[in-house]
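Just so you know, the protein sequences line up as chains A and B, in that order. Just so you know, the first sequence maps onto residues -6 to 274 in our numbering. Just so you know, the second sequence maps onto residues -6 to 274 in our numbering.
Hints should not be assumed to be uniformly reliable.
Which copy? The list can't say, so a pair holds if one copy fits it or any two copies do.
Unchecked claim - Derived DSBU-like pairs: lysine-lysine, alpha-carbon spacing no greater than 35 Å straight-line:
1. K161 <-> K119
2. K152 <-> K243
3. K103 <-> K243
4. K152 <-> K195
What the hints contain is simulated information worked out from the structure, not anything from laboratory work.
2 protein chains.
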Amino acid sequence: MNKLCIIGLGLLGGSIGKDCIANHHVKHVIGFGRNKKTLEIAKQLNLVHDISDDYTDIHDADLVIIATPVRQIEKVLNQIKPHLSEKTIITDVGSTKYNVLTKANNVLGKHFKNFIGSHPIAGSEKHGPEAAQESLFHDKNIIVTTHDQNADKDINAIKSFWHLLKGKVIIMDAQQHDEIFSTVSHLPHALAMIFMNMIFQKSNKDQLMSFAASGFRDFTRIAASSPEMWKDIFIENRDACIKDLAEFKKQIELFEKILNDEDQLENFIDSASQLRKNWKY
Amino acid sequence: MNKLCIIGLGLLGGSIGKDCIANHHVKHVIGFGRNKKTLEIAKQLNLVHDISDDYTDIHDADLVIIATPVRQIEKVLNQIKPHLSEKTIITDVGSTKYNVLTKANNVLGKHFKNFIGSHPIAGSEKHGPEAAQESLFHDKNIIVTTHDQNADKDINAIKSFWHLLKGKVIIMDAQQHDEIFSTVSHLPHALAMIFMNMIFQKSNKDQLMSFAASGFRDFTRIAASSPEMWKDIFIENRDACIKDLAEFKKQIELFEKILNDEDQLENFIDSASQLRKNWKY
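Generate coordinates for the entire structure from the input sequences, incorporating the hints supplied.
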């Protein structure tokens, strides 16, 4: 690939650039972003070859990757649209896909056929360009959400790009993606954050935290995730999130009921324990 | 110490024996338990010097440690009571302390003054004698719950014992212990188990699990904990558990409300994120 433009140089955008440069996947990687300091750090860390604040630079890009928080994607699409060429493929790396697809359809016009969604399942509670890792996508699932205007050659180009970064590409419908990830990712993030806030509101929070141990540590790790990124995810995938939270409250009530029944309680814990133990990650 | 009797040779009991033998803290470690196979594995793994099914063997013990699931402690106390000597100190390693103290008071009569509760904050989702580790208690908090009949020399003896295993002893009231650990330990365990069961009940659970990633992995690790042990903890600490679950449901409702308000939502996530990031474990 000759020219890759990455807009947003946090953990994901930065890691893509780092891998592409270190392994010579792309001749020219240009980084864009709102924050001049972030861009300079990214340049220093060799996450990009060059930085720019002028979107005319994307006119001859083979691929534009939008790696901003999800709710900035629409604005970025509006900004880059006048500079897009016929051949440039556009993707994003957001954790919600259906709303982004709808906005891309509204904004991009004739360029919508060149827009294909991506969601690399390669997050971390760490964020910012300093957290970028060269091998972040190795062996990770990359969900690619296509639509019926996409040409096969463009879908194949996106697949090939993620294969360069050693990702495992799975093509999926955007709505199905959002439902699955609401349950397996957004819900546990919400629960961990709600749990931390419950502690935060207590007058003895320092004492409580001083006795927290390894179970607490792992359970709450994802509560330290980027507030800006996760605010956007919850808002964009709000309906699925509310549905899952309602279901979770019902499950709490079920658990409360069986706290009186030794056998049912042991079966409940046993099925949770077995499912978790049998899971191969 | 001359003689230590450990009743129950799972992760905690086994790790105590392993450390005491490997580092020559105790001349003679005898293991007791319901399950003959577990006892034999413990002997093979050098977690104990000898195994026994005869509680008369404890008559000259310096220390008896009850390391069974919490709800078996009462039965064990009844079984060992006839064989206790004046000098033998009795402790347990259960995750709930107030109910155990009450039961010890009811059962032990004149030996109650020799009973002191312990809770090493050194769990793991792994269990059984095979999971025993020599250095499990190093630098870990050990909560010691005393009562007003305890003699200072016995409290000091228990402290010294845990110091041999490099634990950090904290003396605490049993009720206060149960409230603190309901919030920082039992609640996250319950939530992780409830979450796994919610997945378990879905028709597409295999698909969901196939897309689960590192956030899910850490959030749910404690859901794989021992069903027998955790059933007992939830039953023994039921009141605090129900109180915390009710509070958690209210916090979910608060979160649902602010899903409409971008600023409040970002503040909510930010306070969770900050509290977690600032926590030193």
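Those earlier numbered hints the structure runs against, lowest number first: Of the numbered hints given earlier, those the structure breaks are 2 and 3, listed in rising order.
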